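Trainee: The primary structure of each chain is shown beneath.
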Amino acid sequence: MNTTNAAGGWPDALGHFGEFGGRYVPETMMATLDRLAAEYASVKDDPTFRAELDALLRDFVGRPTPLYHAARLSEQAGGASLWLKREDLCHTGAHKINNCLGQLLLTRRIGKQRVIAETGAGQHGVATATAAALFGVPCTIYMGAVDVERQALNVLRMRLLGAEVIAVSSGSRTLKDAINEAFRDWITNVEDTHYVFGTVAGPHPFPWIVRDFQRVIGDEARAQCLAQLGRLPDAVVACVGGGSNAMGIFYPFLDDVRAGAVRLVGCEGGGHGVASGAHAATLTAGSPGVLHGSRSYLLDDPHGQIREAHSISAGLDYPGVGPEHSWLKDAGLASYAPVTDAEALEATKLLARSEGIIPALESAHAVAHAVKVAAELGAGAQVLVNLSGRGDKDMGILTERLGL
Amino acid sequence: MGRLADIFTACRARGDRALMPYLTAGDPDLATTAALLPAITAAGADIIEIGVPFSDPLLDGPVIQASANRALAAGTTPTAVMDLIAAVRPEVAAGLIYMVPTNLVQRHGLQRFAEDCARVGVDGVLITDLPPEEAGPWQAAADAAGVETVYIVAPTSSPQRIALAAERCTGFLYCISRRGVTGVQAALPPELGEVLARIRAVTSRPVAIGFGISTAAHVRAVGQIADGAIVGSALVQAVADAPPERRVAVAAEFVAGLRA
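Quick mapping for you: the protein sequence lines, in order, are chains A and C.
Counted the way my numbering counts, the first sequence spans residues 1 to 404.
Counted the way my numbering counts, the second sequence spans residues 1001 to 1260.
Any given hint might turn out to be false.
Said to hold, decoys possible - Computed far set for chain A versus chain C, every beta-carbon distance over 12 Å:
# : residue
1 : R35
2 : T140
3 : G171
4 : L291
What the hints assert, rightly or not - What the simulated footprint calls covered on chain A by chain C, stretch by stretch (three residues with Cβ under 8 Å from a Cβ of chain C suffice, anywhere in the stretch; the number is not a length):
# : stretch
5 : 14 to 23
6 : 179 to 186
7 : 189 to 201
8 : 303 to 312
No wet-lab data here; the hints were simulated from the structure.
The structure displayed is predicted, hence computed values, not measured ones.
Note that beta-carbon positions come from the ideal geometry of N, C-alpha and C, so glycine has one too.
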């Protein structure tokens, strides 16, 4: 697999992507982060490690996932052709499993005996619980109490897989609070526990590790575009909460972006609209600061207190974002747009009825915006959309909001 | 040597170690904090740690998290905390240090934060999520303003990391007694002596120990090996449990009791 750094050498040795990233953590965690970075550097290009991971991705996850031409959706969009990268067909129903298997292999290499993780929508929690079951490792998942309610199905799946699910009742009781609690567990149990961070945020080396484990999406999609379309797509569209599925599909296209051939568009949770203040559009409306161990865009008040984000989608409901996305935005290599709750709901219905695919509410944000991009680019253009997950987990909220 | 080092030296000269209570500013309101600071100084505090409340603290256990939530609910801001210190500083002889997360300092502005500390009489700052690697810009601002920088060392810190913290710090080293977040524990970890020996081997900087120090017996034990003992959660909980009119008296009794 190609592991050359298309982004011009980021991250540096201390985890910086330009002015973003780094390690802003209590000293207790520094030794472990140093060790994790060193261990990861030593295994990332190790053929044995790669072969083990590739075999799991093929036989356990079902990779490569298809690139699917959504013909009826394209027709309704009335412009460019829309192509779906079907991460919803991954085992466990979302792209999160790509990273979890990599990190569980890493856990075994560094000799840790327990894993913990945070989860928002529950997809990363389910994927971590799945990988932990596969590797026979005890697993604890932290999930905001609000998310436990709105993603009940995933909680049951995690329990069935043998994980302990802890509902976090502090703060906004969503993803950011689950991350706080997982960090506190890690600070306490750092000797025997690996924290399977679920997105391209957090302190170095997590943004680097997670991007590398998710870039398989973009590596496959780029090759599939060349094989199936005979050329590169004009635009790549993905939803962004912390940003792991977007980083995974964007990263292998960065040189193409520099060459002017491809544009990258990230879709943030626009909630009730950015003007309402009730949103999760960190890159659109936030400013650089420090949250959860790295410097990146975030949503805070004028004093620096972190604000509560809002999105109908638990996986996008986060007031921070991965540092590499912040760097891409400021470097002009990707653009980011908010998509409202209402637009995401409409896109869910549209994709279900035009293609027979029920997307996760997170992924529906990308579908909603991709339809706009397709109309804008017009006939003959090709738009690649990362369909990062499937929507079964959202049936409760869909039932309520779509009046099913 | 800075003011904080002078305090540690003065304590040693009288055959004692520094007693360093912690309070969250604004818990449950700034008026209470304003009354507590002189009272616990009179009760024997040598250096007081003032937590500036944050919405998303990584290093705090349930007791300090709850106190930060009470302070934030009362509308406590970093600027209001600066104003509070400016107002009470003439009545407080103890050294004062802040415990504050990076994001609050950055929003305030690094230089402005350091200058405000110097202006109101905060002697040192411990930025809880800022290891020396990322602290260059802050240290430049703090050094220029004459504010001391405190770093954490942990049981997990390698000798190289301890040396880095010792070389960069301008105040003292804050040694946390164990892996984990703030909170009360029954007994001090047995390996604490080894951790201190590792620190002493590379630096002559003063070392204070915090996390899980809650009783006079703990303070005495810490005094055998370190230059100061930091008492946080136990004091914060005692004050929170007291009826409003008794808070100041309870805090003073608690701090005096740590000297017993």
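Trainee: Where does the structure disagree with the numbered hints, that is, which hint numbers, in rising order?
Mentor: Numbers 1, 3, 4, in rising order.
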